[in-house]
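Trainee: Top line first, the protein sequences correspond to chains A and B.
For the first sequence, the residue numbers in my numbering are 1 to 826.
For the second sequence, the residue numbers in my numbering are 827 to 1054.
Where hints are given, some of them may not hold.
For each label pair, taking beta carbons as the anchor points, the in silico distance ranges come out as [what the hints assert, rightly or not]:
1) A:322 x B:975: 39 to 47 Å
2) A:805 x B:975: 37 to 45 Å
3) B:856 x A:394: 33 to 41 Å
4) B:850 x A:805: 25 to 33 Å
5) B:1047 x A:5: 32 to 40 Å
Derived by calculation from the structure, the hints in this document are not laboratory data.
From a predicted model like this one, the values you see are computed outputs, not experimental measurements.
Don't be surprised by glycine CBs; every beta carbon is placed ideally from N, CA and C.
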Amino acid sequence: MKIILKYILVNVKERKARSVVMMLSILLSSALLFVSFCIGASYESAQRKMAIGMAGSATVSVSPADGTRPISPDEIPDLESTGQKVKVLKSAALYHEKGYYETVDLIGAELDELNKINPPRLADGGQISDFTGRQIILPDRFTSKYHIEKGDTVTLQVNQKPVAFTVSEIAAYDTVFLRHTRGATALIPYSALMEILGGEGGGSEILLEPAAGISTEELLYDLHENLAAEKYQVAQIVDEIQIEAGARQKSMPFFLISFFALTMSVFIIYSSYKVITLDRLPSIGTFRSIGATEKAVTGILLLESVLYGSVGGLLGIPAGMFALKLILRGLGKSLTEGIEIPVVMPVPVILLSFLVALAVSILSAWIPVRRASRLSVKDVVMGMVEERVVPKRFLMTAGVVLFILSVILPHLAEGNMLYLAGGISIVGMIASTIIIIPLVVDGLAACLEQLYGLIFKNEGRIAARNMKANKNTVQNITLLFISISAVIVISVVGDFVSTYITDVFRDAELQGFADGEVDQEFVEQVKQMNGVKTILPLYVFKNEIKGEGDMFTRVEATDDLEAYSAMFGLNYTAKDMEKKAAAAFEKERTVILSEDCLKEKGVKIDDIITLAKDGVEKDYRVAGSFKSRATDVEAVVPSNYAVSDFHADSYGFLAYTAQDADAVMVQIRDLFADRPNWSRTVEEFNEDALSTVSAFLKPMHSMTYFILLLAAVGVINNLLINYIQKRRTIAMYKSIGLSHRQNVSIMLIEGFTSGVIGAAIAAGVSYLEIKTVFLVAGPKITMAPELELSMFFASGAMGIAVTLAGTFIPIFKSRRMKLVEEIRYE
Amino acid sequence: MKSYKTSTVIEGKDITKNFQVGGAPVCVLKEISLKVQRGEFVSVMGESGSGKSTLLYILGGLDSPTGGSVYIDGTDISKLDDRKMSEMRRRKIGFVFQFYNLIANLNVEENIMLPLLLDGCKMWDYRERLEEILEVVGLKDRRKHTPRELSGGQQQRVAIARSLIGRPEILFADEPTGNLDSKTGAEIMGLLQDINKNDGQTIIMVTHSPEAAKSSSRIITVKDGAIL
C-alpha cells in the first residue's frame, strides 16, 4: 500500500499543473455547493430569528377567537405542559416626519414578564431600569434613521391622536424589535399602552413557553384540548413550513450555479482522466502483466482521484466558509430590515459538500479508468491501444435527434411533469451539444482553413488544421460552451427575477397610490392637483365579504373597469374578456376574479356566485378572470353595487397617473396630514423592493464569475494537455524553422477561434435553455424575459478572453522548450 | 547445477490467432502446437510479422487465441477469469519486455517487489528473497535508484528481477536485448542463462538475434504463423 501511495503521490507531484487544475475545479465546485447549502440554512435561521422576534422562548400564542376582546393570563388553565405565560398588548401607531410616514407597532408588556421569555437587549449593553409611564424603547435602526436620541420626546399617532413619549432607552435591533416587514417595533410599558387605548385590563395575546422537557406540539395539543375553539385561537408562533419554503426560494439560484459548476468539474476531471489514463498506459500494462487484476488497476487509478477529491473538498469547505461569510455580511447590510444574518454551517452540510466533491471526482474518473483497466494487456504492453472510433454519422444523428427531442419535450408536457421535462430538456441540450461539438469543429476547421489562409496566410492554415480532430480543442470549446451558457442563463434568469419581483407595476399604468381612507372631497382635491392625468378611487373590503362561504381577503370596487384594468395591468384569461366584463359591469351584478381565486372556489366564467356581507347576500355573475402582479385583489365588483349591496361609503385606495408623480405624492401626503395612510409613488415602491431583492441577487451574480473562473481553469488544463501532447510536433516544426513568433500566432489563432466557436454555440444553446426555463415557469408568471444582445456578446467576449489568457502558459512553456530532448523523446 | 523435473510445464494445442486488418481477416498463427518442459530455455525466432511475439503473449496469457488452448501446469488458461488469470500471472509467470516496462517513479526495490505487493504480501517478509534476487542481477548498490537513474542494461536487470521475485514457473521474455547494445545484451543473456542453469528456471524468449538464441536449449522458428 505504501508503494502504491508513493506511486500515486509521485504522479501527482510530477504533473503539478494538471493536479492543481483538477484540485482547483473540485475546490471551486465544493465551495459553491457548500455556499448554496449554507445560504439556505443561514437565511432560514435569520427568518426563524425574525419570526420568533417578540416571542423569544415562547412558542405558542393564545388570542381571543373574535379578536375584539382582551385576554387575561388567568383564562389559560395551569397545565403541566405550560411554562412561562406573558401577556402582551399590541397596537399600531404612525410616525410622521417630513411628509414621510413610518408604521410603528407598539408592544405593551410588563418588563418583568417579558424578561422571562425574551429580555430586550440595549444598544449600549446596559440594563433597563424604571420603565414606567409614557416611556418608549425604540430600536437603534429607527432612532439613527430619524436622529432620535435617548431622552428625546417622540410623538406617535395612536388611533389618530398624537401621543408623546420619552425615549427611555435605545435597543439593539434584536429580540422584541426584530421584524420581517417594513416599519419599526417599539416597546412601551403595559400600563401606559392600556391607558392610551382606554382598556380595562388583559392583553391582545398571551405568549406561552412550553414547560421543561415538553415539546411545542405537546403544548399545542394540551391547549387545544383545554381551550374552546370558538373562544380561543391557539397558534404556533413560527411557521416552519413557510420559513423553509422561503429559504428554499432564496437558495435556489445558488443551486443553479452549483449545478453548472459541478457539470464543469465532471467534464474537467473526465477529460483530464482520459489523458491521465493515456499517460499511464505503460504503467497499466506493467501492472497487468505482473498480475494486477482489472479491479486492482482500477483501484490504483481511482485512488488518485480520491486524493484530488479529498484535497479539493477539504480546501473547498474553508473557501466556501470564507465566501459565505462575505456574502452574508453583504446580504445582511443591504436588506432593508437590516438584520444580521447568522452564518449557519451545519455539520451534515459540511460532510455532504465534502462527499459530493469526493463522489464527483471518483465518478468523473470512473469511465476512463474502467475503460483503461479493461484494455487488452498485450495491446497495452505493446503500445497498440487504439481508441474506439464511433462513426461520425451515428454521432451526428444521435446528437441532433437528442437535441431536437430536448427542445420539444417541455412543449409536450404539462402540470407537474413540466418541471421534470424542463430538467431533462436542459440536461439533454447540454449532453447533445457535447456530442455534436467535435463534428461542428471539424466542419468549421475545414472551412476556416481556407479563410485563415487568406487572412493569416500559412500560420492561419496550420492553426485551422490543428483544430481538426483535436480533442483538446473540442474539450476547450465544450468547457467554454458550458460556462458561457451558464453565465448567460444565470444572468438572464437573475435579471428577470430582479425585474419580476421589484418592478411589479411594470405592466400597470399607475404611477402612484395612496392606501388610506379617503372621501369624495379628497378625491376631488386630488383631481384638481397640477399635472394629474387620471385618478382611480376604489372601495376596498378587507376580509369583509364572503364568496361561496369563504372570506375574500380583498375585494375592490370600481366604476371604470377598463381604467382599473389598465392601472393595475390586469392580464385577462381570454382576449375578449376585458371588453365583455367592462360592458357587464355597467349594467348588472358582475364580479371578476383572480385566476387563483377562480380555481380555489371551483367556479367557471358565467357561473353565479353569492357574495355576502353583514347578513346581506347577493348573486353576482362571474364575468371574467385575470392575473396581475400589481395587485393581490381577489375580486372586483362594480362600485354602484358595492354601495347599494355592501354599504360602501368611503374609498380605501386611490391610484393615479400624473405628469410629475412625485409632486402629486407630496401634495397627497399633505392632504392626509396626520391621518394614517401608506402612500408611495411606484418609483419609491420599486426602490424599497429592489434594495431587498438585489441583496440576494448581487452575490448570485458575482458567483456566476466563479463559473468563468472554473472554465478558465479547465481551459488552461486543456491547453496544457494539448501542449504536452503536441510538444514533439512543435519541436519538429521548430527544428525545421518555425519561429517562436509563428508558434505564438498559431496558438493565439487556435485559442481565439476556439473562444469564438464556444461563444457562438453557447449563445444559441443558452437561448433555447432560457426558453425552456421560462416555458416551465410560464404558467406562474405574467411577463416574458428580456433577452439583451449585449449580454450574449459580453459573455462571449469573456469566454474568448478566457481562452486567449489560457494560451499564455503553453506559449511560455514552448519558448523554454529544449528541442533535442523533445525530438529524442519516445 | 540444480536438478529439476522434466515434466511439461506449458503446452499449446492448435493455437490459432486471427486479426482484422482494414476489414480483412489475417491469420497470424495457424494451429500451432508445442510443449515446453520444465527447466527448458526456449528461443522463439522469426522475421518481423511472423507471429512470434503473438505466440509468446498467448502462451503467457496476455492475449487469448482465436482457437486452440494453452495449458500451464495442466490448467487451461483460456478458461480462467480475470481474477484467476491475474493470480496465475503473479504466481506462475514472469514477463520481461523489450522496453523494460518499469514504473518510473518507484525505485529498484519497489519495482521488484510489485508482484508480491499485488499478491497481498508484506515487503518485510520477503527481504531475504529481495536480497537474493538483487545479488543475482547485480543491483545491490542501486536498490534505491529510480529507473531514470539507471542504464538500459540495469533497467532490464530490474525487469528480470521483478519477473523472478515470485519464483514463477515460467519466465517469458520478449526481445529482452532488443533495446540494448551488444555488450549489455550479452550480459543480459548471460544472466538469463545463469538463472536457467542454476535455478532450473523455465524461460521462453522471443528474439531476433541469433547470438541471443545461442544461450537457449531449444530454438523454435516461426514463419508465416506456423512452426517450421
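Trainee: Starting from the hint list further up, note which numbers the structure goes against and sort them upward.
Mentor: 4 and 5
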